[in-house]
Amino acid sequence: MLLEKLTSACGLPGFEDEVRDIIKAELEGIVDSIKVDRIGNLIVTKNSQASGTHIALSAHMDEVGLCVKSINADGTIKFVSWGVDQRLLPSMRLLVGEKKIPGVIGTKPIHLQSEADRGSVYDINSMFIDIGCNKKEETEKHVSLGDFIAFESKFTEFGESKIKAKALDDRVGCAAIIEILKMDLPYKMTGIFCVQEEVGLRGSAVAAKGLHADLVINFEGTICADTEGVPVHEHVTTSGAGPCLSLMDRSSIYNKKYIESIVAVAEKNKIPYQYRRTAMGGTDAGSYHTAGAGIPCIGIAVPCRYIHSPVSVMDKNDYENLVKLVAQYLKSEALTK
Amino acid sequence: MNKELLKKLCAVNGVSGHEGPVIDVIRDEIKDLVDSCTVDAMGNLIAHKKGAGKKMMLAGHMDQIGLMITFISDEGFLHFGTIGGMSPTICYGTRFVFPNGTIGVCYTERLDDPKAITFDKMYLDIGAKDKEDAEKYVKIGDVCTFAAEPTVNGGAFISPAIDDRMGCFIMIEALKKLKNPAYDLYFVFTSQEEVGLRGAKTAAFAIEPDYGLSFDVTISADTPKSRKFPSKMYGGAAIKLKDASLLCHPTMINHLEKCAKDANIKYQFEILEAGGTDSGAIHVNKGGVPSGVISIASRYIHSPNEMCALSDVEDCINLTVKALETAI
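So the protein lines, in turn, are chains H and P.
For what it's worth, the numbering used here labels the leading residue of the first sequence as 1, then goes sequentially.
For what it's worth, the numbering used here labels the leading residue of the second sequence as 1, then goes sequentially.
Because the hints were derived from the structure by calculation, they are not lab data.
Model, not experiment: these values are computed from the prediction.
Where is the CB? At the ideal position from N, CA and C, for every residue including glycine.
Hints should not be assumed to be uniformly reliable.
Said to hold, decoys possible - Listing some non-contacts, in silico: residues in chain P with all C-beta distances to chain H over 10 Å: (1) His18; (2) Arg27; (3) Phe71; (4) Gly81; (5) Ser87; (6) Val105; (7) Arg110; (8) Ala147; (9) Val195; (10) Arg198; (11) Lys201; (12) Asp222; (13) Lys225; (14) Lys266; (15) Val284; (16) His302.
Claimed, not checked - Stretch by stretch, here's where chain P covers chain H in the computed footprint (C-beta under 8 Å, at least three residues): (17) 227-234; (18) 247-254; (19) 274-280; (20) 286-297.
All chains, please: the whole structure from these sequences, using the hints.
Here it is, written out as structure tokens:
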């Protein structure tokens, strides 16, 4: 399964090579051209000679994780976090660097903890990663400063239709674009697989500069807090209720005309959809809609519970409906008017 | 002064990203005075008044801060996200209005500690019976803004959206008075300034101006315990020196000061420590654009009751006309 292959790969910001190679291999022979720009974005074109509306499809390849900051005398590793909730870190299983050296984040045994220890969250600066080495010199044989550190998490299907994996944000978007590019659709299309979204929409800032599209559809895995104890108005999205359309986030106010046109297609084809019910977060659409003289964007996403963790959970139906909705939208009259 | 137009401009509902109604009012007012009037992909209204000189882009933003509905509860209460710099203490107990005229009251329950007031504890109440009833008037994604009547109070003007319909008003009135422009002029009424100067960025890219001049409110530092800033109400047209988005170019500062002196227009300088305006986006376009700002000293910015002096507005209009008729 494509999504399993994509989420099992490691692609921290600036180290997206493994993900990029998988996507490239998937699209060889399918698209007209494949290139990698100087920041590392993978940009493909399809139907490049077609006239009329030019649609860009964008998703980011990078995932959240950690990075090696220093190596202690006892061989353990100090690290910095790229978008990871530090409360999740104790007992986490990790893969360090391109060689994917296994590591764990250990804690003080419960027997030795004071009352104060038990009631508090570990500070990220007091945590370390143990890769099984006893000396700095030994660790240095395997690990260098600046190496990425990814979550170790096995792709698992469970329940009726749920998937657990790391990096669903945003491999689910990459998978959707690959599927759509494999379809027979009439438009001139550019597929953009961005680097470094999680550290500030950096890849898309570069990709946007050279892009002359009429519309960007940005694919994401997004927040879903539809769980016990969260007030219903703070759920943001509901897992299994369909792909979600963005209205606003911190990087964009989405163009109403396009939201309405894709909603009309969903309703006509009886494809479930929902709105993303928060104004928080940000996506690569932030780069595209203010690029050049401005490119309108649609933001569409699969709800991901426990996002930015090793155990993100999504519903396969939401993914399938997302692909279906975008495909129907691209077949509809909406864009030729 | 055309106070009726000013009131009309400030009363129109135009939250960031939803500036359509403002475009309609402005386009009607200016379309016969310019060579072309277009709306770009970001929703900027770009009016071109052709001239022989260098290209100057003028910018005043049409959008205002507001709320966007993100969730409607079974009981018919509306939860929201904020658009632009909204403060919970200012919103508490305040009326909001949707483009269709529906009024919502912004409230919170349980306020044991007034300091603890935050948006996640607040909701809008349109008085609906339940969700089904509420959805007759409002749906998810709809936006609303402060409901308050624009009012002339002696020499002062009190209204929501002075930030920045006043900038638009100054541009419109200057355009009407303009006789011999010294520039090829682009009057840009921008979108989405309040969420990060987004409209001005794309307009500047398309226009490639040689100079940038924007029009916006600034802090009036004259309330009882105000911090010491140079600008104040009734102090005349305010020439910006800097804010968080730009250091105004000496060329523009000198030009504006010289024009004010030559035409005997009352002026003051202003420095804003927080906040920015459209010239912040214009001045970094392409290879860089010398840019300045004419500001209106205003009290209570980002509230339903922003306040400024009409005499300052008059000074700003006159300074703008003089600045556009004088070549740099």
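Cross-check of the supplied hints:
For P/His18, the non-interface assignment is contradicted: its Cβ lies about 7 Å from the closest Cβ of chain H, within the 10 Å cut-off. The non-interface label for P/Arg27 is consistent with chain H: the shortest C-beta to C-beta separation is roughly 18 Å, beyond 10 Å. A cut-off of 10 Å between C-beta atoms contradicts the statement that P/Phe71 is not in contact with chain H; the least separation is 4 Å. Distance check on P/Gly81: its Cβ comes as close as 2 Å (rounded) to a Cβ of chain H, failing to clear the 10 Å threshold; non-interface status is violated.
With a minimum CB-CB distance of about 15 Å to chain H, P/Ser87 clears the 10 Å threshold, and the non-interface call stands. Distance check on P/Val105: its Cβ is at least 17 Å (rounded) from any Cβ of chain H, clearing the 10 Å threshold; non-interface status holds. For P/Arg110, the requirement that its beta carbon stay farther than 10 Å from each beta carbon of chain H is met, with the minimum near 14 Å. Against the 10 Å criterion, P/Ala147 stays outside the reach of chain H, whose nearest CB is about 21 Å from its own CB.
A cut-off of 10 Å between C-beta atoms contradicts the statement that P/Val195 is not in contact with chain H; the least separation is 6 Å. At roughly 5 Å from the closest C-beta of chain H, the C-beta of P/Arg198 falls inside 10 Å, breaking its exclusion from the interface. A Cβ of chain H approaches the Cβ of P/Lys201 within 10 Å, the least distance being about 5 Å, so the stated non-interface status is violated. Against the 10 Å criterion, P/Asp222 stays outside the reach of chain H, whose nearest CB is about 34 Å from its own CB.
At the 10 Å boundary, the C-beta of P/Lys225 stays outside the reach of chain H, the nearest C-beta of that chain being 33 Å off. The claim that P/Lys266 lies off the interface holds: its Cβ sits roughly 37 Å from the closest Cβ of chain H, which is beyond the 10 Å cut-off. Every Cβ of chain H is farther than 10 Å from the Cβ of P/Val284; the closest lies at roughly 13 Å, confirming the non-interface assignment. At roughly 17 Å from the closest C-beta of chain H, the C-beta of P/His302 stays outside 10 Å, upholding its exclusion from the interface.
Residues of the segment 227-234 of chain H with a Cβ under 8 Å from some Cβ of chain P number 3, which satisfies the need for three, so the listed coverage holds. As drawn, the segment 247-254 of chain H meets chain P at 4 residues by the rule of a beta-carbon pair under 8 Å; at three or more, the given contact holds. Only residues whose C-beta sits within less than 8 Å of a C-beta in chain P count toward coverage, and the segment 274-280 of chain H has 5 of them, enough to reach three; the restraint holds. Interface restraint, the segment 286-297 of chain H with chain P: holds (8 residues with C-beta to C-beta distance below 8 Å; minimum three).
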